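Top line first, the protein sequences correspond to chains A and B. So in our numbering, spot 91 of the first sequence is number 91, and the numbers just go up one at a time. So in our numbering, spot 247 of the second sequence is number 363, and the numbers just go up one at a time.
Hints were generated in silico from the structure; no laboratory data involved. It is possible that part of the hints are untrue.
[Said to hold, decoys possible] Below, a list of computed lysine-lysine pairs in the DSSO-like style, where the Cα atoms sit at most 27 angstroms apart: (1) Lys427(B) with Lys395(B); (2) Lys13(A) with Lys271(B); (3) Lys265(B) with Lys13(A); (4) Lys271(B) with Lys340(B); (5) Lys54(A) with Lys271(B).
Given the structure is predicted, the values throughout are model-derived calculations rather than measurements.
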Amino acid sequence: MQKYLYLFRGGDKMMAAMSPEEVEAHMGEWRIWMQELAEKGQLIDGEPLFAEGKQVVKGGSVITDGPFAEGTEIVGGYLMVNAASIEDAVELSKGCPILQAEDANIEVRQIQVLEF
Amino acid sequence: MTTEAAATLDHLFRHEYGRLVSLFTNRYSTAMIDSIEDAVQEALYKAAKVWAFKGLPENPQAWLYRVANNALIDSLRKTNRVDRLDDDTKNQVEETQELEFAQDELGDEQLRMIFACCHPSMKLTEQLMLSLKLLCGLSVKEISRALLKQEEATKKAITRAKKKFKEEIGKLEVPVGNELESRLSAVLQVIYLLFNEGYKATEGERLLRQDLCDEAIRLAFLLKNEPSCDNGELQALISMMLFKAARFPARVDAKGRLLTLAEQDRSKYDEDMMQWGWKFLKESSAYTYSSIYQLEATISCYYTTAETYEKTNWQSILGLYDRLIALKPAPVVHMSRILVLSKLEGAQYALNEIEKIEDELKGNQSFNALKADLYADVMDWPKARLHLQRAISESQNFTERRFLQDKLRSWVGR
């Protein structure tokens, strides 16, 4: 088993246009998807992120607000999962409800674990 | 669609939307409704993101309240609206910023909101749509689908209603004294219409429409909690809704097709709802006058509680319709009465009766369908088919058309 990181981007526009009932249903889909991952022992951790933040640059001498990029460029949340391979991790990510939004994407990255 | 997961929350988001919008409108002003709706929407959407990852917090309502309150204050600050508010409201905004969520504050403001949404400055359909939007948390799209209206037209009607809501109401209150009676009867009319819209026979959006019925019952119970509103008409209206809603589990077959009253499996009727229907009907009869709602509740009671369709007490129902017509001479009442008459006196007698009031009924959508059934009963198949064809060409929605076409197919060759 290897560890992988999902970075979620986009999807905000779709959710902002939903009715309360649809928001609730969408949340339900997320919970079911995550529950399945947890039951298979593949879910490690994950959190959503606020859109606002700070950027620390130039050795810490400059701190800027941001990133104020377009919605589809902001990381809206992350998830860490166990998977047998990158292909397996990609396959697993396809069930994520965020992909119902046209502007949403998931970046899948393997987490480097140094073994001694 | 994750019905199971959504069902466990039991429309939490939709109902919280209505509660929070009512709460903030009550605290501030109807003029701020757009900012309020945006803030509540934002809170729900933030909640969904966090709760999807971490599960529901211990007190979801308090969580939503805090996030919505902060979003509202932020948006007022951004537009400098806080400065332009009068001092009283301004103090309220500042004071309530850190205020903990008070559970017992809920309830009362929703009641006030019902009266605001059914304000006499608005037309009946506007009152209905605004109630669905602000109190029941339905989106414009859902409202248009539930009421079988164009989305654009629905949007315009809601915008018109909101304009009046902002300009003519201001502060929410439950009317008192002489005004209460007329305002309350307007509210009951909206609830009645809301229920009947949901009860109308269509299949496609069945779940959404059944929700309308649930919402109508929910709003009626909000009124029931307020002693000044709890009168015989309200009790009768609740009773009527419960007797009709008791039939929901039996209304469609396994394929999702609508079943007529005669075809329904009565063992599937909801026993609890019928018991509650009884209770409220009895309560309402403590009032000396008999209202339209009371007559309709009693009729629904006879239809729903009959052991079988054939054993329905047509004689008593006919008497009730006779009294109802005197109070409410609507085409739909006339036609229901004719149908009952055909059970008692035969279809030929009913056909003779219908001729007398044909001019009044002609424009009605279901008139030809009723006539077709009566001609079928007396085996006058050519006339029966002719009227059924007319009914098909007049039918307004897919479900009704399919229902009538199926019937016509079964009459071919007779």
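Hints, verified against the model:
At roughly 23 angstroms between alpha-carbon atoms, lysine 427(B) and lysine 395(B) fall within 27 angstroms of each other, so this suggested pair holds. Of the supplied pair hints, the one linking lysine 13(A) and lysine 271(B) holds, its CA atoms being roughly 20 angstroms apart against a limit of 27 angstroms. At most 27 angstroms may separate the alpha-carbon atoms for a hinted pair to count; lysine 265(B) and lysine 13(A) meet this at roughly 26 angstroms. Taken as a hint, the lysine 271(B) and lysine 340(B) pair is broken in the structure, with Cα atoms around 31 angstroms apart against an allowance of 27 angstroms.
Between lysine 54(A) and lysine 271(B) the alpha-carbon distance is near 40 angstroms, which puts this suggested pair outside the 27 angstroms criterion.
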